[in-house]
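Participant: Given chain A, work out where chain B should sit, using these hints.
The listed protein sequences correspond, in order, to chains A and B. Positions 1 to 349 (my numbering) are the ones given, in order, by the first sequence. Positions 1 to 349 (my numbering) are the ones given, in order, by the second sequence.
Hints should not be assumed to be uniformly reliable.
[Claimed, not checked] Subject to a maximum C-alpha distance of 25 Å in a straight line, what follows is the list of computed SDA-like cross-link-like pairs (lysine to any residue): (1) A/Lys55 <-> A/Tyr7; (2) A/Lys73 <-> A/Lys55; (3) A/Lys55 <-> A/Leu2; (4) A/Lys231 <-> B/Asn105; (5) B/Lys73 <-> B/Lys55; (6) A/Lys231 <-> B/Thr91; (7) A/Lys231 <-> B/Val296; (8) A/Lys55 <-> B/Asp312; (9) B/Lys231 <-> A/Val296; (10) B/Lys231 <-> A/Arg114; (11) B/Lys76 <-> B/Asp89; (12) B/Lys193 <-> A/Lys231; (13) B/Lys231 <-> A/Thr93; (14) B/Lys231 <-> B/Thr219; (15) B/Lys55 <-> B/Glu329; (16) A/Lys231 <-> B/Thr93; (17) A/Lys74 <-> A/Asp113; (18) A/Lys193 <-> B/Glu329; (19) B/Lys55 <-> B/Gly107; (20) A/Lys55 <-> B/Phe286; (21) B/Lys231 <-> B/Ala211; (22) B/Lys55 <-> A/Arg283; (23) B/Lys231 <-> A/Asn97; (24) B/Lys55 <-> B/Arg10; (25) A/Lys231 <-> B/Glu329; (26) B/Lys193 <-> A/Asn97; (27) A/Lys231 <-> B/Gly98; (28) B/Lys74 <-> B/His117; (29) B/Lys55 <-> B/Leu22; (30) B/Lys55 <-> A/Asn287; (31) B/Lys193 <-> B/Asp312; (32) B/Lys231 <-> A/Gly98; (33) B/Lys74 <-> B/Asp89; (34) A/Lys193 <-> B/Gly169; (35) A/Lys231 <-> A/Asp256.
[Unchecked claim] Listed next, with one range per pair, are the computed distances between beta-carbon atoms: (36) B/Glu9 <-> A/Asp338: 51 to 57 Å; (37) B/Leu2 <-> A/Asn287: 30 to 36 Å; (38) A/Asp338 <-> B/Gly173: 58 to 64 Å; (39) A/Glu253 <-> B/Thr171: 32 to 38 Å; (40) B/Lys74 <-> A/Val49: 41 to 47 Å.
If you are wondering where the hints come from, they were derived from the structure by calculation, not from laboratory data. For glycine and all other residues, C-beta sits at the position ideal for the given N, C-alpha and C.
There are 2 protein chains.
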Amino acid sequence: MLATLIYGERDIRLEEVPDPVLSTGIDAIVRVVAACVCGSDLWPYRGVVPTNDPKRIGHEFVGIVEAIGDDVKKIKIGDFVIAPFYDCDMTCTNCENGVSTSCLNGGWWGADDRSGHFADGGQGERVRVPHADGSLVATPGQPDPALIPSVLTLADVMGTGHHAALSGGVTHGSTVAVVGDGAVGLCAILASKRLGASRIVAMSRHADRQAIAFEFGATDVVEERGEAGIKHIREMFGGIGPDIVLECVGTAESMDQAIKSVRPGGMVGYVGVPNGGAELPIRTLFNRNVGVNGGVAPVRNYIHELLPEVLDHRINPGRVFDLELPLTEVAEAYAAMDERRATKVLLRP
Amino acid sequence: MLATLIYGERDIRLEEVPDPVLSTGIDAIVRVVAACVCGSDLWPYRGVVPTNDPKRIGHEFVGIVEAIGDDVKKIKIGDFVIAPFYDCDMTCTNCENGVSTSCLNGGWWGADDRSGHFADGGQGERVRVPHADGSLVATPGQPDPALIPSVLTLADVMGTGHHAALSGGVTHGSTVAVVGDGAVGLCAILASKRLGASRIVAMSRHADRQAIAFEFGATDVVEERGEAGIKHIREMFGGIGPDIVLECVGTAESMDQAIKSVRPGGMVGYVGVPNGGAELPIRTLFNRNVGVNGGVAPVRNYIHELLPEVLDHRINPGRVFDLELPLTEVAEAYAAMDERRATKVLLRP
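The following block holds chain A by itself, in its conformation from the complex (with noise of 0.2 Å):
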């Protein structure tokens, strides 16, 4: 079958790899129909992460089911399934608790598992998902094809600005800020909505994606960045700052806007993976009362509430999707969402 694999900086390619083949008994082979490039995958992309070997990316994926282990009792064969960013038992004491990302038996998309055996990357025709009872969700039947682009945020981007927004503790009638107008701050912008807060500012200063946040329920914009940005998102709130600003980007920068901009005994829920290493500063937190909540989602404990919501059309977080191609041309995909040319690519492979 087809493949992407990460060789080093800028070099992404498509590859003829095996099949994947049923190894364990509780794991399945699911046939990709929608996957797409994350902006973590543009950390490895850039060289900001070294890839030393080649390597299996992409970790968000929708399919369907064409094979199953004897083991598996949920996830039946022809089902359209839901993979989340990882792979997850949703047994274990910690997917119990609502943090499958730190399942005891889970794994990640492009390595092997606990087993052994090779998971595939999404970015390919077929991946063998491990624990299909666990992380796989399925469909009430095929989902209409025109939802498919917001059912695959499920697998990573909705779901994870649904973390943003739940681990600030947005409620109804807070303000919240949203850092980060990519993917994952527009999905932040609509969790926020959905939970009732009253008023949500977006820091961007691209148009297209201005329109997006207005549409998924922004109140307001604010281009500035650094000291100017602090300085306006406070003024719009009384001088000090909103109840909660999610942090959606990761890097150092964006984590010190978000954290000098909440208001004294606010939060900061945070999802953007960091990257540059600079710490959490203690003392300014200490002395403002501001905490910092969030980390990598697990999605896995979000589909379930959030996906009768994309059927019906009450939400519809594929709009973060600008660009569709074919999984032929993923090397494209990678050039237009690092170049800023597109917010996030869907690939069909």
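Facilitator: Here is chain B on its own, set in the frame of chain A:
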């Protein structure tokens, strides 16, 4: 009058200073009935925080109102009052948001207020309180003398322990570990118990403090620290750790202990004044979805909730005092706490 000054490392002196005078119309003069030494007073005492010039010290006191400014409305001469460890107006946005330690018009004992008038330190005979109607809470009538130690803890340590528990999100059924067995750590145990925690582990090596911990509601004690302590705590909670760890010390080691002991998706509530300059390890927090929340405790906001329980003998946080001295022996009070001969010392002017 007599008041305590710190001159430098291990140099505490009681000296004659000018009597405070009403200065702004909204202030009050309080005759101190009981004061105490805070764990955070030990940082300058030990020279960890340098003292460049002699200065007044002490920030926890209760007393009787001797004089009030013309514009004071709520507080009356003769009231027995509790002062939080800072001055605040209780009318600004931050105070109304529950974060009176970030009062837009507030200040600290032993320093000038924002109008340039001195607010005395708490370890003395009298204190000018800048915002009398904001900072001070009058008890209903004069409290039973036996209750004064517990009432005094509402000025700082009991409210601070409560803030740790609230910041960590302790609620009915939570599992909790507390790092630090000083007065604040012990109060955090008591606060967790009254908030409904189902299991509370005290990390303590001192038999006398362990005894108070059990009296306050601890269900278990762990004596190990560092890696051994982390391993022991995790093992007690299914190998993954408790829901919440309360950090009540303020060193890099204690925060590391807290972050690594809590379960994935858990929360560290912290109130230890950060010393040593170690920042928070964002990647460790991110990977395990561990949140960190807390800061300088807005104890003024908690007095109304906690005071009735103190007056009804439902909670007895005054048990943290294990030594009582006249104000004239304030230097010995510091030495006793520094040398761990006492957990917390009550001073009577």
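Participant: When the structure is checked against the list of hints, which entries are broken? Sort them ascending.
Facilitator: Going through the list in order, the structure violates hints 2, 5, 8, 12, 18, 25, 38 and 40 and respects the others.
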